[in-house]
Amino acid sequence: MDFALSSDVVEFRDEIRSIIREFVTPEIADRMHTTGVFDAPELNLELGRRGILERACPGLGKGDPIEMYVMFNELEKAGAPYDGLAVALMIAAVVNKLGTDEQKERIIPSIISGEALVCMGYSEADFGSDLASIKTRAVKDGDEWVINGSKMWTTLAQVAEWLILLTRTDLDLPKHKGLTMFMLPMNTPGITVEPVHTLGTEITNATWYDDVRVGDEAVLGDENGGWRTMTTVLAFERGVMGGTNAGVPLLRHFHEWAVANGVFNEPTTRERMARSIIDMQVATLLTMRSAWIAASGGMPGLEGSMTKVFAVEAYQRASRWTQATAGPAGLLQFHEEGAAGEGFVEYDARHSPVMSIYGGTTEINRNNIAERHLGLPKSR
Amino acid sequence: MSVDLGLSPDQESIAELFNGFFSNEAPPAVARAAEPLGFDRELWNKVIELGAPGMGCAVENGGGGASLGDLVVVAETVGRSIAPIPLIDHLAALSVLTESDLVAGEAIAAVAVRPADANGIWSLVPAGAVADVVIGVDGDETVVVRSTPPMSGPLNHGSMPLADRSAREGTRTVLGPASLFEVVLDRWKLLTAAALVGIAEAAKELGVAYVKDREQFGVPVGSFQAVQHGLADLPVAIDGGRLLTHKAAWALDNVTDGLIDWANNEITDGPTLATMAFLFAADGAVMATDRSLHYHGGYGFAEEYDIQMYYRRARGWSLILGDSTSVGLSLADRLFGTVEG
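Chain order of the listed sequences is A and B. The first sequence begins at 8 in our numbering and counts up by one. The second sequence begins at 102 in our numbering and counts up by one.
I should point out that these hints are in silico values taken from the structure, not numbers from a laboratory. Heads up, some of the hints might be wrong.
[Stated by the list, open to error] Taking lysine to aspartate or glutamate and the EDC-like style, the derived pairs with C-alpha atoms no more than 20 Å apart in a straight line are:
no.	chain 1	residue 1	chain 2	residue 2
1	A	K142	A	D179
2	A	K69	B	D105
3	B	K147	B	E207
4	A	K385	B	E316
5	A	K385	B	D314
6	A	K104	A	D71
[To be verified] Negatives, chain A to chain B, calculated, CB over 10 Å:
no.	residue
7	D90
8	L206
9	L258
10	H262
11	W328
12	G334
13	G382
Glycine residues also receive a C-beta, built at the ideal position from the N, C-alpha and C atoms.
Please put together the full structure from these sequences, using the hints given.
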């Protein structure tokens with residue numbers, strides 16, 4: 008095996024690092040915690056201006072999954088707000104793969120320039136893991152589609168230009184077959200956005216669709232082919248767009264605090280820290296493996312599930328012991344005097360439980376591994 | 102150089118050769134028959150024919166010139182089969198020993214993984230009961246001692262050929278300062294990590310096969326989600342351990358002045374990675390054997406079933422280096438520097 012990045016990927020990584028140094032200032036990192044929007048427009052624009060977004064986007068530019076992994080891993084390790092970018096690039100890749108020429112021309116440039124964000128309307132109040140049962144309806148009316156229903160967890164809807172929306176278009180077909188995906192501008196009349204405040208700071212939304220009218224140009228992929236579009240989205244995500252090294256900045260912040268407060272020499276703390284560092288290495292190697300499989304022409308869906316289960320639980324372990332070790336200081340929030348890790352210890356204890364839920368719960372991922380890797384019978 | 106996380110064609114062949122060899126020549130019944138000593142001379146003689154004992158040695162010394170990545174592949178097959186031969190120890194010792202009878206495997210070498218005590222005794226040396234040569238630290242020196250192996254030792258959890266050996270009696274050669282031993286111990290940790298990944302892999306396979314076959318309430322036990330989710334963690338720990346072990350091998354083979362930049366999760370220092378891999382693979386093997394044994398129900402603790410042999414070795418092969426806190430703290434020292442005072 009070879010674990011060295013090629014020289015042009017190293018160059019690419021160094022360019023991203025220099026952009027991070029310039030654009031991910033403490034103010035910007037702080038802003039995500041005060042606004043609840045995990046996105047930095049000035050960073051996106053710079054990455055877009057330099058052609059990096061196009062280069063990292065699957066199917067466009069160089070489209071090297073290793074570079075995509077490197078970009079998101081660097082952003083995540085630096086504690087940069089990158090959620091907006093991850094969703095936008097993932098959807099740009101899907102449009103590139105499944106969209107019409109007209110859709111590609113209309114949508115992709117706005118994303119890879121770093122200007123436009125995308126929000127995803129999949130889950131509903133009553134359907135989370137059982138996604139294929141969603142009820143939001145799209146009904147054909149002449150040349151138009153009329154969409155009615157509501158979505159839950161439509162993160163970034165308050166700032167996004169685009170919405171990708173999973174709807175039911177045929178009630179007679181089996182539940183996975185009667186779905187159609189739409190991609191439409193968020194300023195289309197009939198869309199209402201209501202914020203949902205969360206434990207982990209990030210603001211998400213409930214969104215309502217009342218007689219939202221769009222034409223066929225908004226259908227992404229085939230009519231009644233929404234599930235395939237959905238699985239294409241997940242395949243592009245490949246578990247390499249961040250979300251697997253969230254413990255790295257936490258350990259750095261905790262360590263600074265522990266050293267400054269004279270508690271880092273405790274053997275228990277040192278051992279726990281060392282073990283979390285092992286976890287972070289393993290998480291990044293599993294992520295890199297997904298990228299390598301994708302780079303070799305494979306589809307690392309199952310490996311993505313494995314990475315997610317491991318990486319999220321590793322992050323949760325780290326946030327649990329760092330907070331417990333910090334004691335009262337681990338309760339104090341950002342900007343409070345004496346807060347452990349400048350408040351990150353407290354923040355990560357709120358953020359880490361979110362991670363085993365969104366984007367596919369660990370239970371759904373364990374089902375995948377049990378059924379598809381171990382070959383055990385379907386259990387539900 | 103660019104990222105490539107697959108085995109090379111050569112390594113694929115090595116894996117096929119050794120997995121085939123061990124499944125033919127060393128099914129679990131062989132390990133069972135070799136208990137309690139944990140050594141089968143006949144099997145050792147057969148691996149000599151494969152050229153395994155000297156495969157990591159330089160070609161000019163009569164060895165096979167294999168890379169550490171190749172040896173990791175072999176070590177995993179040893180763990181998978183729990184073959185009762187001290188191949189891991191021997192391959193590690195031969196990172197610095199070049200005598201022709203060792204390269205050929207006619208004599209067996211062991212690694213005293215902990216320094217000798219004040220009386221010059223290396224306690225509980227893995228493979229110490231059967232090795233003709235032991236390498237280890239005595240005081241501030243790395244020494245090699247040739248003496249007659251006791252061919253017996255204390256009964257132990259992992260049915261390992263453990264024995265106390267003297268660092269001073271027998272034919273003693275001083276190789277150099279104690280620091281010279283680090284390369285041997287790094288290789289021992291690396292190859293033991295790989296063997297522990299093999300143990301975890303075998304435990305996973307035994308457990309999955311059992312729960313597919315065993316029925317209760319009219320359905321396979323493996324159709325219950327509680328059982329599935331416990332087993333689903335195993336391939337993750339195995340793949341993670343394998344990747345980390347191979348990264349350590351790659352770093353030891355290729356990287357000089359590697360990074361220990363944990364704050365940015367950039368670690369390419371071979372010895373650091375070898376210790377990380379050892380700790381992670383030990384945890385993985387313990388978890389995999391725990392869960393697999395448990396999902397066997399009562400048969401899991403019946404001696405007649407094989408999983409209990411893997412369960413004991415997962416603990417034996419890792420704890421022989423030292424308690425896991427001490428090993429964890431030795432890693433902390435590498436990562437953060439030692440604590441003053």
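We went through each hint and held it up to the structure:
| no. | hint | result |
| --- | --- | --- |
| 1 | A/K142 - A/D179 | holds, 13 Å |
| 2 | A/K69 - B/D105 | holds, 18 Å |
| 3 | B/K147 - B/E207 | holds, 11 Å |
| 4 | A/K385 - B/E316 | holds, 15 Å |
| 5 | A/K385 - B/D314 | holds, 15 Å |
| 6 | A/K104 - A/D71 | holds, 15 Å |
| 7 | D90 | holds, 20 Å |
| 8 | L206 | holds, 24 Å |
| 9 | L258 | violated, 7 Å |
| 10 | H262 | violated, 7 Å |
| 11 | W328 | holds, 13 Å |
| 12 | G334 | holds, 21 Å |
| 13 | G382 | violated, 7 Å |
The structure fails to meet hints 9, 10, 13 from the earlier list, while all remaining hints are met.
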